[in-house]
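Student: With my numbering as the guide, the letters of the sequence shown map in order to residues 16 to 203.
Keep in mind the hints are simulated off the structure, nothing from the lab. Be aware that one or more of the hints could be misleading.
[Stated by the list, open to error] Across the chosen pairs, the derived CB separations fall in these ranges: (1) Ser165 - Ala36: 35 to 45 Å; (2) Met182 - Gln135: 16 to 26 Å; (3) Ala36 - Ala56: 23 to 33 Å.
Heads up, the beta-carbon is just placed ideally off N, CA and C, and yes, glycines get one too.
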Amino acid sequence: MVHEILVWPNPVLKQKAQPVAVVDDSVRTLINDMFESMYAADGVGLAAVQIGVLKNVIVLDTTSKQPDLKPVAMVNPEILTLEGKCTYKEGCLSVPGEAEDVERAAKVTVRFLDEQGQEQTLTAEGLLSIAIQHECDHLKGVMFVDHISSMKRELIRKRMKKVQTVMAERAEEDAAPKKKSAARAEIR
16 MVHEILVWPN PVLKQKAQPV AVVDDSVRTL INDMFESMYA ADGVGLAAVQ IGVLKNVIVL
76 DTTSKQPDLK PVAMVNPEIL TLEGKCTYKE GCLSVPGEAE DVERAAKVTV RFLDEQGQEQ
136 TLTAEGLLSI AIQHECDHLK GVMFVDHISS MKRELIRKRM KKVQTVMAER AEEDAAPKKK
196 SAARAEIR
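My request is simple: use the sequences and hints to build the entire structure.
Tutor: Here it is, written out as structure tokens:
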């Protein structure tokens, strides 16, 4: 099921996710929903927090830029090591239409549970390294805009407030015909 992706500065995005105690069918369903939501939004990564679920779960698919890799879901990811530095123009599904240069580690090693609850360790470079760091930030209530200047962040915040207003207006318009249909049904 595709979920709505929260738009910053929605306060839920600043909350910290909680560890997952057991990887069970409900977590696997969440992972499937997250992949569907990420693909529907044309993203390369998504944290559960971005769909309003405060669980330590992320999904990543960088195969468009790194075809030798596979999509991966990570439960309770923990970054073990960060090596080197690189700057990458990052965007975010929760900050649509925006991208800014962010400095990150060039290489990351992460430990996590897979969809079967088995512990895994992965070392990543390139886009996958960036995406892992970006999505792990979400689990701590940190957004990529927290890594840029306050002036740029404030400009983006103002644009996102407008996006939220437009989205709310569209939701009201979509709901209005349903209300009219329901009222007609009651009259009959």
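Student: All hints are to be evaluated individually against the structure, with a verdict given for each.
Tutor: Evaluated hints:
| no. | hint | verdict |
| --- | --- | --- |
| 1 | Ser165 - Ala36: 35 to 45 Å | 38 Å, holds |
| 2 | Met182 - Gln135: 16 to 26 Å | 36 Å, violated |
| 3 | Ala36 - Ala56: 23 to 33 Å | 28 Å, holds |
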